[in-house]
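Take a look at the letters that make up each chain.
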Amino acid sequence: MTARHRPLRDAIATHVHDGMTVALEGFTHLIPFAAGHEIIRQRRRGLTLVRMTPDLVYDQMIGMGCATALAFSWGGNPGVGSLHRLRDAIEHQWPHPLAIDEHSHAGMAARYAAGAAGLPFAMLRGYAGTDLAAANAAQVRSVTCPFTGEVLAALPALTPDVTILHAQEADAEGNVLLRGIVGASREAAMAARTVVVTVERVVDRLDAPMNAFVIPAWQVAAVCEVPGGAYPSYALGHYPRDNAFYQAWDAIARDRGSFTAWMERHVLGTADHAGFLRSVGAAA
Amino acid sequence: MSAAYTPDEMMTIAAARRLRDGAVCFVGIGLPSAACNLARLTHAPNLVLIYESGTVGTRPSALPLSIGDGELAETARSVIPLPEIFTHYLQRGRVDVGFLGAAQVDRVGGLNSTVIGPYDAPTVRLPGAGGAPEIASQAREVFVVMKQSARTFVERLDFRTSAGRPRALITDLGVMEPVDDTGELVLTQRYAGVTVEQVRAACGWPLRVAEAVREVPPPTDEELRVLRDLQARTKAAHATRVTITLPR
Numbered sequence: 163m164t165a166r167h168r169p170l171r172d173a174i175a176t177h178v179h180d181g182m183t184v185a186l187e188g189f190t191h192l193i194p195f196a197a198g199h200e201i202i203r204q205r206r207r208g209l210t211l212v213r214m215t216p217d218l219v220y221d222q223m224i225g226m227g228c229a230t231a232l233a234f235s236w237g238g239n240p241g242v243g244s245l246h247r248l249r250d251a252i253e254h255q256w257p258h259p260l261a262i263d264e265h266s267h268a269g270m271a272a273r274y275a276a277g278a279a280g281l282p283f284a285m286l287r288g289y290a291g292t293d294l295a296a297a298n299a300a301q302v303r304s305v306t307c308p309f310t311g312e313v314l315a316a317l318p319a320l321t322p323d324v325t326i327l328h329a330q331e332a333d334a335e336g337n338v339l340l341r342g343i344v345g346a347s348r349e350a351a352m353a354a355r356t357v358v359v360t361v362e363r364v365v366d367r368l369d370a371p372m373n374a375f376v377i378p379a380w381q382v383a384a385v386c387e388v389p390g391g392a393y394p395s396y397a398l399g400h401y402p403r404d405n406a407f408y409q410a411w412d413a414i415a416r417d418r419g420s421f422t423a424w425m426e427r428h429v430l431g432t433a434d435h436a437g438f439l440r441s442v443g444a445a446a
Numbered sequence: 023m024s025a026a027y028t029p030d031e032m033m034t035i036a037a038a039r040r041l042r043d044g045a046v047c048f049v050g051i052g053l054p055s056a057a058c059n060l061a062r063l064t065h066a067p068n069l070v071l072i073y074e075s076g077t078v079g080t081r082p083s084a085l086p087l088s089i090g091d092g093e094l095a096e097t098a099r100s101v102i103p104l105p106e107i108f109t110h111y112l113q114r115g116r117v118d119v120g121f122l123g124a125a126q127v128d129r130v131g132g133l134n135s136t137v138i139g140p141y142d143a144p145t146v147r148l149p150g151a152g153g154a155p156e157i158a159s160q161a162r163e164v165f166v167v168m169k170q171s172a173r174t175f176v177e178r179l180d181f182r183t184s185a186g187r188p189r190a191l192i193t194d195l196g197v198m199e200p201v202d203d204t205g206e207l208v209l210t211q212r213y214a215g216v217t218v219e220q221v222r223a224a225c226g227w228p229l230r231v232a233e234a235v236r237e238v239p240p241p242t243d244e245e246l247r248v249l250r251d252l253q254a255r256t257k258a259a260h261a262t263r264v265t266i267t268l269p270r
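One line per chain: the protein sequences are A and B, in this order.
Just so you know, the first sequence maps onto residues 163 to 446 in our numbering.
Just so you know, the second sequence maps onto residues 23 to 270 in our numbering.
Please note: incorrect hints may appear among the correct ones.
As the list claims (entries may be wrong) - Now the stretches of chain B that chain A is said to cover, found in silico as 3 or more residues with beta-carbon under 8 Å:
| # | segment |
| --- | --- |
| 1 | 139-153 |
| 2 | 218-229 |
| 3 | 253-267 |
Said to hold, decoys possible - Which residues of chain B face chain A? A partial, calculated answer using Cβ under 8 Å:
| # | residue |
| --- | --- |
| 4 | Gly44 |
| 5 | Ala45 |
| 6 | Pro103 |
| 7 | Glu156 |
It should be emphasised that the hints constitute simulated quantities derived from the structure, not laboratory data.
Nothing here was measured: the structure is a model prediction, and the numbers come from that model.
Backbone N, C-alpha and C define an ideal beta-carbon position, used for all residues, glycine too.
Sequences and hints are given; from them, build the entire structure.
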């Protein structure tokens, strides 16, 4: 084990500070819920949150007052409906106003890729014929191809202060292996100044195929072993997505009072992720 | 003779029939996902389904609740980074068919999934664009599936999330298609037992109607059986709670 192997509580205290731009990535799969909950427990404020699909993890962080801005491309509870806390923040400024920087998936993915490549902006054939560019004029512009004259959408690169991922495994050096649906995790990690990863387990050596998605240890500031750290999303090979919980979240989050009570009981009222899992009945 | 069926089942089956075997299809969650998988399990076994999460050539046994359920990855031919879905596949022109839904549609098939009311002070904040804008503009042809009502089939969109011009708009009452260069959607097909007046009444703009409106053949027993089996498997799969075993 190395100095980068450390408890999640220490990693968040060291690397995530008020006012930072933070991306918790993972597209439906491997969403770092444990890290999001630890940020809530440590009562971070004024964060600019970045994520393609805010999902329940940002519904919870926004509802608990961690964020003042959000960059995103699809903000719903997949297959269920609204993210009620995100809606309340935008529609009624509760618990306080939330500035939004809104894109399409193709746009957000291109912005991470530009950040990962060290370029100042992303370009893509996109946004044409939509109101997205007019609604977000500061962040959606155009560039003309010097060779063909084609006009393409131009978007500023994303370079989060911290990107946080969840993965299946890390090894004793801190190399991290992700398997399954990876979304824009690689790009988000390579675009960030600091990378923090929670993993299902730490092993001596990764048994990774040659072309596997491995983030090298020297790119990773902290590796934290947190079994179940993606719950209620999932970690392929470890546990499936708790679709029943995603459906149950709709009623919990619909009302400010029931949301706050749930968060106080299950997140603020527990010391760590194992405590959270036991509290919601997801672990024996 | 077909068994009794619901308007929703007829809509899903009418949408599924539009997909030809072997097409490469970019699938949205919900109704589009049900229609595409029904097609794959009936007349189009070689349909290539791509979900934006990065799963290419997937064959789920139950419908996913989210766009990235494990079932999609475990039954896929390959799982690739999401940016490549939008660049290597969609933007590069490798997708034949895009299938979309939305909260509002207008007479040229423009879609709103962003806000009801003004963008800066919405009365209802909807989820937003996701993959839709680029699917709508870069798939070779686009189908839209939406339940019809005068409230959601609108004269004027509150927000244009995706440009229009679908090949067809399939509703729970019938099918609308463009018939000329204006791109205006015209009622060309209706389901058995549905009148043209019913379709007009459930549309917020003065709907043009083709001279001859065809009646869509009702679901076959096979189509209904496969769709209902798929939905029963889906319901069971989504009801299972998860238990994690923590290390001692």
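If you check each hint against the structure, which ones fail? 2, 4, 5
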